[in-house]
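Colleague: Dock chain B against chain A, hints included.
Keeping their order, the protein sequence lines are chains A and B.
Going left to right, the first sequence walks through residues 1 to 432 as our numbering numbers them.
Going left to right, the second sequence walks through residues 433 to 800 as our numbering numbers them.
If you are wondering where the hints come from, they were derived from the structure by calculation, not from laboratory data.
Each hint should be verified, as a subset may be incorrect.
Now the stretches of chain B that chain A is said to cover, found in silico as 3 or more residues with beta-carbon under 8 Å [said to hold, decoys possible]:
(1) 479 to 488
(2) 549 to 561
(3) 609 to 618
(4) 621 to 633
(5) 673 to 685
(6) 777 to 790
Source: prediction; values computed, not measured.
Ideal Cβ positions, reconstructed from N, Cα and C, are used throughout, including at glycine.
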Amino acid sequence: MTRRLAVLGVLAVLAAACTDKLTTPGQCPAFCPGGDSLQTRDTIFTTIISRDSSYRGFVSPYEAAVLLAAEMPGVDSRPIWVSPGIPLTRRYGVDTVPKPVLGADSAKILIHIGRYEAGASNLRLKLYHMPQTIDSTTTFADVSSAFTDSLIDSLNVDSVLAMPNHHDTITGDSIAADTVNHALTIFWKLTAAQLPFVFADSGRQALGVQIAADSLASIAISTVGSANVGPGIIWYTRVDSAGVTRADTVRKLSPSLHGFVLNPGAAPLDSNLAIGGIPTARSLLRMKLPRFIRDSSFVVRATLLLVPSQAAQGVQSDSFVVFAQRVEADFGGKSPLAVARFLGDSAVSDTAGVLIGATDTVRFEILPLVRLWQADTTSPQAIMLVLRSHGDFGTTFEGGTLAEIRFYSSRNAALRPALRVTYIPRFKFGRQ
Amino acid sequence: MTPRRVIVLLAVLALGAATAGRAQDSQFGISGLGTPGRWESVRARSSGGALAFFDPLSPFADAALADLGQLTAAAQAAAAFLRPELATGTLSLRTTRFPAFTLGGPVGHGIVVGGGFSSYLNRSWDVITHDTLTLRGLPEAVTDERTSDGGVADVRLAAAMRVSPRLALGFGAHALTGSTREHAYRYYADSGLYRNTRQVGEVQYDGWGFSASALFDPLPGVRIAGLYRTDSRLRAKVGGNETARADLPTTLAVGVRWALRPKARLAASLTRQDWSVAGANAYNTVDWSVGAELGGEAFPLRIGARGGKLPFGPGGQAPTEFGLALGTGKSFAEGRGRLDFGLEHLSRSGVGLKESAWTLLMGLIVRP
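Bound conformation, chain A alone (with noise of 0.2 Å):
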């Protein structure tokens, strides 16, 4: 029985160092092995970029997510809609026969601003008739004449929300101020005799705002496709109910059309890179990795290297991101954008957030794009410049602010795009 126990013994033994444990921390050189060693390399690639174009006309005024109304040095934007009309009858429970709407008494102007400025000091709204024909077409031209002789009605923000519950008990204007969201929503109530109620067009409205301030007179109106539409209209009619007039109101709170109009317009495209602006511009770039890197190297970061032509522009105090983003297919500007195929897909895009006015260097880390083009060498090896703004619920969309940067192209041999990588050489294996 010893004899078998003291057997087990050994096999216990040898067993338990069948686990290895063999890590020792390397004394180099002398007792570390011999052949190849880890570098790493880095290394700015100028001249990988190349056949890089802008496209203008992604989103334009007509179809942007938010109203933008600004007035600062160089840039004037000002929201026009049109709010539809309304029906000119009205039934009533088992009404059979219609009932004739007499006219409107007073009428609100409901608009949600989604954005604005913080520090802007004595913000004022200016509500102006527009020409009913306006449309998709429409320019800062077309209507600069309305904007000047077409006055409704004026309003101060800073003042009504000095009032008690923000609330101007003289001419019935009121803002309900979302402290959370920093988001204010403006019942702008207007007499018969401001915003008379034609029958001719049922009710339907063409209208404009310019808005001023001391300082940072920019805004952002929210519009169809943001959480809350608008701009809206609320009429308080007046209803013949045989023979008994009879109040009602009627709600439309998204317009039929909107969009805005711009002095100046977009700047035309150049040899630069444009990004953003109304209507917005993106920029394509096209990259070809060197085989060295693409096939032999284990790329551990990579940065692309954007130099701005001229400080970003826009208002003052907006900042925007911009978006170096890999698209699925190179068809020019008509490239679609790659979308995230699972949580967590990093192989999409990079961010880079931007000041206005600013002029410093601009780096997107794309490293998950370059180990993708790596894995995928039928993968277009290209990237889309787009510039976003943040909207709703976390979102991100294009065509949410004027900002407008533009960065120096392959064109500029010394200042173009350039990719910075930084990657370990194949190592080479089984030298001594």
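Modeller: Frame of chain A, contents of chain B only:
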């Protein structure tokens, strides 16, 4: 012990072989071709290696096969516990190996054929180094890890014959073959900015060798032995392309065994290998061993000592080695099987490093 128990033990040994993927005998071998294996059975190793010349189940001297009277298979397992003493402190490493398997038996006309495999070079290690690089103008701490798992085996086919009652000759052909799976990792302190990398490579090795040996009994109870072995070169290939080539040594060895009485044998040997042909940090070695085996087959006691030099090490000077060993064995199943046990302690010393190792050995011999 019943045949059934023999089968169980064989299975245990086989399991050990399957799980013992890596071995690391000496830190000194990392910067060289590796750590040479010992061409010795558990019995021979328990005597300090002195009996290897005269043990037909040690893959050392082919001529010893001539004493193999019947078909015999032998396998062994070794568990090593190492304590390298580096400048950064003393470490504790452990590993298990399956260093040799031998099979042989007579084929008629006085010829005995044998073969098997043994460890020629062990190339299993795992080394971690730390450094700070300047990346994009800023210091970045990195940790590198290099691992190698595998080695080179000596696949032997040998034949021996007793040409006269006092002289036996043996010849062997050796195919050196093996592979290592190697990894190279680099970890960055700021892994959010820099991606950690892991590279994998499979290195194949090949070479060949030839050996000849003789056993001569000049006097009753006295046997002397001589060995000559030449190995060609070790070629490393990655993806079919040769990446390195190193010459391998010629081995010359002599030994003597004196049977004082039937149950008491003394032995000694001297082995020289010109490893310096292998490249930088490689040295010629001369190893000696003395040992004794006391008692009969049924329950012997073996003791031995060995010393010499290691073939690889830094500092322009070959590391030295000294070891003591002892062991025993037990026959069972009417002599058809035997278990050998051994315990070996080695002390190695070289420039910048001392290390010691305890190795527990177990061998199984089966004569069906």
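Colleague: State for each hint whether it applies.
Modeller: Structure-based check of all given hints:
1. Coverage of the segment 479 to 488 of chain B by chain A is violated. Counting CB-CB distances below 8 Å, 0 residues qualify, and the rule asks for three or more.
2. For the segment 549 to 561 of chain B, the stated coverage by chain A is satisfied: 6 residues place a CB nearer than 8 Å to a CB of that chain, which reaches the threshold of 3.
3. Using a Cβ-Cβ cut-off of 8 Å, 3 residues of the segment 609 to 618 of chain B lie near chain A, which meets the minimum of three, so the contact claim holds.
4. With 7 residues having a Cβ less than 8 Å from any Cβ of chain A, the segment 621 to 633 of chain B passes the three-residue criterion, so the hint holds.
5. Given as covered by chain A, the segment 673 to 685 of chain B passes the check, having 3 residues with a CB less than 8 Å from a CB of that chain where 3 are the minimum.
6. Counting residues of the segment 777 to 790 of chain B whose CB lies closer than 8 Å to any CB of chain A gives 3, which reaches the minimum of 3, so the coverage claim holds.
Figure legend: structure checked against the earlier numbered hints; the only hint not met is number 1.
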